[in-house]
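One-letter residues, chain by chain:
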Amino acid sequence: MAKLTREDILKLAQLSKLSLTESEITEFTTDINNILNYVEQLQKVDTKGLVPTSQVTGLVNSTRPDKIIDYGYSPADLLKNVPNVQEQQIKVKRILE
Amino acid sequence: MSDWQAIRSIADDVRSSKLKATDLVEKALGAIKEQAAYDAIITTVEERAKLRAKEIDEKSSNHQDAGRLAGVPFIAKDNFLAFGAETTAGSNILKGFNAPYQATAIERLEAEGAICVAKANLDAFAHGSSTENSDFMVTKNPHDKTRVAGGSSGGSAAAVSLGMTPFAIGSDTGGSIRLPASFCGCVGYKPTYGLISRSGVVAMASSLDVVGPLAMSVDDVALVTDVMAGQDNLDSTTIERDKMSYDDLSLELKGQKVGLIKEYFDDSLDPMIKQLIQSNIDKLTKAGAEITDVSLPSLPLALAVYYIVCPAEVSSNLGRYDGQRFGYSYPDARTLEESYLQSRSIGFGKEAKRRIMVGSYVLSSGYYDAYYVKAQTVRTKLINEFNEAFGRVDFLIGPTAPMTAFKIGENVDDPLKMYLTDIMTVGVNLAGLPAISLPGGMVDGLPVGLQLMAPQRADRKLLGLAKTVEGLIKC
Numbered sequence: 068m069a070k071l072t073r074e075d076i077l078k079l080a081q082l083s084k085l086s087l088t089e090s091e092i093t094e095f096t097t098d099i100n101n102i103l104n105y106v107e108q109l110q111k112v113d114t115k116g117l118v119p120t121s122q123v124t125g126l127v128n129s130t131r132p133d134k135i136i137d138y139g140y141s142p143a144d145l146l147k148n149v150p151n152v153q154e155q156q157i158k159v160k161r162i163l164e
Numbered sequence: 003m004s005d006w007q008a009i010r011s012i013a014d015d016v017r018s019s020k021l022k023a024t025d026l027v028e029k030a031l032g033a034i035k036e037q038a039a040y041d042a043i044i045t046t047v048e049e050r051a052k053l054r055a056k057e058i059d060e061k062s063s064n065h066q067d068a069g070r071l072a073g074v075p076f077i078a079k080d081n082f083l084a085f086g087a088e089t090t091a092g093s094n095i096l097k098g099f100n101a102p103y104q105a106t107a108i109e110r111l112e113a114e115g116a117i118c119v120a121k122a123n124l125d126a127f128a129h130g131s132s133t134e135n136s137d138f139m140v141t142k143n144p145h146d147k148t149r150v151a152g153g154s155s156g157g158s159a160a161a162v163s164l165g166m167t168p169f170a171i172g173s174d175t176g177g178s179i180r181l182p183a184s185f186c187g188c189v190g191y192k193p194t195y196g197l198i199s200r201s202g203v204v205a206m207a208s209s210l211d212v213v214g215p216l217a218m219s220v221d222d223v224a225l226v227t228d229v230m231a232g233q234d235n236l237d238s239t240t241i242e243r244d245k246m247s248y249d250d251l252s253l254e255l256k257g258q259k260v261g262l263i264k265e266y267f268d269d270s271l272d273p274m275i276k277q278l279i280q281s282n283i284d285k286l287t288k289a290g291a292e293i294t295d296v297s298l299p300s301l302p303l304a305l306a307v308y309y310i311v312c313p314a315e316v317s318s319n320l321g322r323y324d325g326q327r328f329g330y331s332y333p334d335a336r337t338l339e340e341s342y343l344q345s346r347s348i349g350f351g352k353e354a355k356r357r358i359m360v361g362s363y364v365l366s367s368g369y370y371d372a373y374y375v376k377a378q379t380v381r382t383k384l385i386n387e388f389n390e391a392f393g394r395v396d397f398l399i400g401p402t403a404p405m406t407a408f409k410i411g412e413n414v415d416d417p418l419k420m421y422l423t424d425i426m427t428v429g430v431n432l433a434g435l436p437a438i439s440l441p442g443g444m445v446d447g448l449p450v451g452l453q454l455m456a457p458q459r460a461d462r463k464l465l466g467l468a469k470t471v472e473g474l475i476k477c
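For the protein sequence lines, the chains are A and B, in the order given. Position 64 (the first sequence) corresponds to 131 in the numbering used here; numbering is contiguous. Position 292 (the second sequence) corresponds to 294 in the numbering used here; numbering is contiguous.
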């Protein structure tokens, strides 16, 4: 039975790039344990000889000609939602302290 | 409630200039304003809709073909990228996002003359069964304002049932079209996985997401499906569509083998709903259908599979919301790491965070095999059982949900209880099957959905059956 601790939740938050409030930590510890306990019923299912499904239609290698299709959008159109643009580049904060 | 004519006849009248697209758009916008209290709509697309209506009226008066959906107003769930308004997916993190391109589904509808007049409310990122996870508001049920409209396409279903527009479009990952259709009393169609392009739809769980229509009749959802369906260069998961159109429907019920899903009729099903569904099934029997009991032993496990597969895919799809390229960006960050952390923590609502965390857990090394791979393997088992069932019967039938619309607030404190509302809808998503929810009557003044399912790519046949069944239920 899954029993995630406060530390586990903090580790998961870090992996998920989330910073949680105290009340979120408490709430998620309960919620996520409940969810994991529910899904754990699958452990008992006999799946011998079966392969996992990752897609359902059986399509294989959908290809198209390697040709540029002009949809008529300018770089400015595509950059209009970027919070911080400089010379048609996306500007981000420094990586190192 | 809805007083629109059949979509086909509206478009015919617009093409022959008997009706004006401008009047239809006015009517839709008027209805949206009048029923604002239901909180079905996040934003209207007024200016662009009026402009397009004018163009269509001009086309018609010049005797040019204005399309199969000429002048028909519609509402798109707000996770479809559309011009003329923001696309928020019901989330704070996408507030203010202006789509640089449109969803293929919307492009195809517009190419046939349909006009998008508004964007409908949803659970943020389509995570939910009631729209209570919307970062903005809760959509009220058209039949009882103290109850939910269902979700996640709750805004779309309420809008159609309230008669704001003749149809709406939504997305269905675990039941998000069928459940609200069932709760609000309209028709909701989830096509075969890949039948309609998802380009320009905010991704939730990519191995499950499909696009589909909601309307007041099977004829209407079939016509709209026909316009949207087919391969798309911008979505490599799209499948080849039937050569024949989906809106030319008829299916002789006599001799059709319909399987009653045994697992859906256990004690968790409300006895009043059970009785109503049974009375509908009796009508099918009388009309010549061969009804047999079918058991899918792994179907009760579908929800557990879903709540591993879905959060896993959610956690990677929501990775793109990093505050750098689009969406909310924390203004006071000093480093890139802080920008990521704060933008996501402030921008995402509780359910999105919960699913990202569960997804990170089931995909993390050490747990990947026990959770994710195991779930995908049980998924195979379920698919095999569906295939076996469809070796014996042509269709499957059951309720859409074990309950009618619940009270607003009733399930919000218990995420697991909320998840259980999808227990009858998630199975077909895991197998990629088409399924439809039809209004099956009322229990205590609230609509009940009847669900029909078919093998993959049998969309045309399923819509044919649905039309026949719709006729039987009405008489």
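By construction, these hints were calculated from the structure, which means they are not laboratory data. Yeah, the Cβ is synthetic: ideal placement off N, Cα and C, and Gly gets one too. Check before you lean on any hint, since a few could be wrong.
[What the hints assert, rightly or not] The calculated EDC-like cross-link candidates involving lysine to aspartate or glutamate, where the alpha carbons are at most 20 Å apart (straight line), are:
(1) A/K147 to B/E472
(2) B/K383 to A/E94
(3) A/K147 to B/E390
(4) B/K35 to B/D324
(5) B/K355 to A/E154
(6) B/K259 to B/E88
[Claimed, not checked] So the derived list for chain A, only partly shown, Cβ under 10 Å to chain B, looks like this:
(7) F95
(8) Q108
(9) N151
[What the hints assert, rightly or not] Beta-carbon label-pair distances, calculated as ranges:
(10) B/Y370 to A/N128: 19 to 27 Å
(11) A/Q81 to B/E242: 15 to 23 Å
(12) A/P132 to B/M274: 32 to 40 Å
### Query
Taking the beta carbons of B/Y370 and A/N128, is their distance inside 19 to 27 Å?
For B/Y370 and A/N128 the Cβ distance comes to about 25 Å; the hint holds.
### Task
For A/Q81 and B/E242, compare the CB-CB distance with the range 15 to 23 Å and indicate the outcome.
Because 44 Å falls outside the window, the suggested range is violated.
### Message
Need the status of pair A/K147, B/E390: alpha-carbon distance at most 20 Å?
### Response
violated (51 Å)
### Query
Close enough to count: is the Cβ of A/N151 nearer than 10 Å to one in chain B?
holds (7 Å)
### Message
Holds or violated: the hint that A/F95 contacts chain B, with Cβ atoms closer than 10 Å.
### Response
holds (6 Å)
### Message
Does the closest beta carbon of chain B sit nearer than 10 Å to the beta carbon of A/Q108?
### Response
holds (5 Å)
#### Entry: Pair hint A/K147 and B/E472, alpha-carbon separation not exceeding 20 Å
violated (47 Å)
### Query
Can the restraint linking B/K259 and B/E88 be considered satisfied, given a maximum Cα separation of 20 Å?
violated (46 Å)
### A/P132 versus B/M274 beta-carbon gap, inside 32 to 40 Å or not
violated (57 Å)
### Task
For the pair we were handed, B/K35 and B/D324, check the Cα-Cα distance against 20 Å.
violated (35 Å)
### Message
Please verify whether B/K355 and A/E154 have alpha carbons no more than 20 Å apart.
### Response
Not OK: B/K355 and A/E154 at ~34 Å, beyond 20 Å, violated.
### Query
Holds or violated: B/K383 with A/E94, Cα cutoff 20 Å?
Violated. B/K383 to A/E94 sits at ~34 Å, over the 20 Å cutoff.
Going through the hint list in order, the structure does not satisfy hints 1, 2, 3, 4, 5, 6, 11, 12.
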